[in-house]
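Counting in my numbering, the sequence shown runs from 70 upward without gaps.
Do not rely on the hints blindly, as some may be mistaken.
Claimed, not checked - Calculated lysine-lysine pairs in the DSBU-like style (CA-CA distance at most 30 Å, straight line):
(1) LYS124 / LYS140
(2) LYS193 / LYS105
(3) LYS252 / LYS105
(4) LYS193 / LYS79
(5) LYS230 / LYS193
(6) LYS105 / LYS140
(7) LYS140 / LYS252
(8) LYS193 / LYS140
These are computed hints drawn from the structure, not numbers from a lab.
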Amino acid sequence: MVHADGSVIKSWDYLRQNGLQGFIDIWPIPTAVAWKLIACFGAFEAALQLLLPGKRVEGPISPTGHRPVYKANGVASYAVTLITYLSLWWFGIFNPTIVYDHLGEIYSALIFGSFIFCIFLYIKGHLAPSSTDSGSCGNIIIDFYWGMELYPRIGKNFDIKVFTNCRFGMMSWAVLAVTYCIKQVEALSYFCF
Numbered sequence: 070m071v072h073a074d075g076s077v078i079k080s081w082d083y084l085r086q087n088g089l090q091g092f093i094d095i096w097p098i099p100t101a102v103a104w105k106l107i108a109c110f111g112a113f114e115a116a117l118q119l120l121l122p123g124k125r126v127e128g129p130i131s132p133t134g135h136r137p138v139y140k141a142n143g144v145a146s147y148a149v150t151l152i153t154y155l156s157l158w159w160f161g162i163f164n165p166t167i168v169y170d171h172l173g174e175i176y177s178a179l180i181f182g183s184f185i186f187c188i189f190l191y192i193k194g195h196l197a198p199s200s201t202d203s204g205s206c207g208n209i210i211i212d213f214y215w216g217m218e219l220y221p222r223i224g225k226n227f228d229i230k231v232f233t234n235c236r237f238g239m240m241s242w243a244v245l246a247v248t249y250c251i252k253q254v255e256a257l258s259y260f261c262f
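Given these sequences and hints, build the entire structure.
In structure tokens:
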């Protein structure tokens with residue numbers, strides 16, 4: 070829709086006229102900039118998940134008797150993420166508008182990267198499950214879709230679900246909202262609600 074000024078009707082007309090090749094022509098390709106932005110954000114959020122202090126919280130007991138343990142440091146991670154992001158912009162170290170300008174490539178890289186990450190989780194679930202809450206139903210498609218582990222972890226302390234859902238996913242929502250505001254300020258010289 071970027072190529073059609075945000076118009077769904079123009080996008081539909083373009084795709085109707087150009088078919089699959091038209092879709093391929095406008096699909097953004099992941100770039101080195103996109104991969105670097107994703108890697109930096111992911112590493113930062115992973116570090117916060119592991120390093121920030123937090124209360125020990127136990128999850129529900131699973132059918133196999135496993136009880137996952139979490140560190141409740143999400144609010145602190147949220148605050149540190151936004152303060153760091155805004156500070157990097159305020160002091161001229163990083164311009165968040167690069168995220169806005171490369172958003173199509175970032176989304177494209179995330180789609181590809183998510184598929185590769187799911188393959189990793191599938192293999193990990195077969196070869197090195199984190200707990201007894203894992204297994205295969207015997208159907209590769211269902212196992213891939215549903216996942217092999219209930220509580221996948223890397224090592225003892227890095228919970229993959231918390232990272233993908235809460236740290237990387239939900240933190241990016243807030244970061245993107247701030248990014249859009251900064252882009253608006255830089256484009257219009259003022260911020261409007």
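Violating hint indices (sorted, rising): 4 and 7
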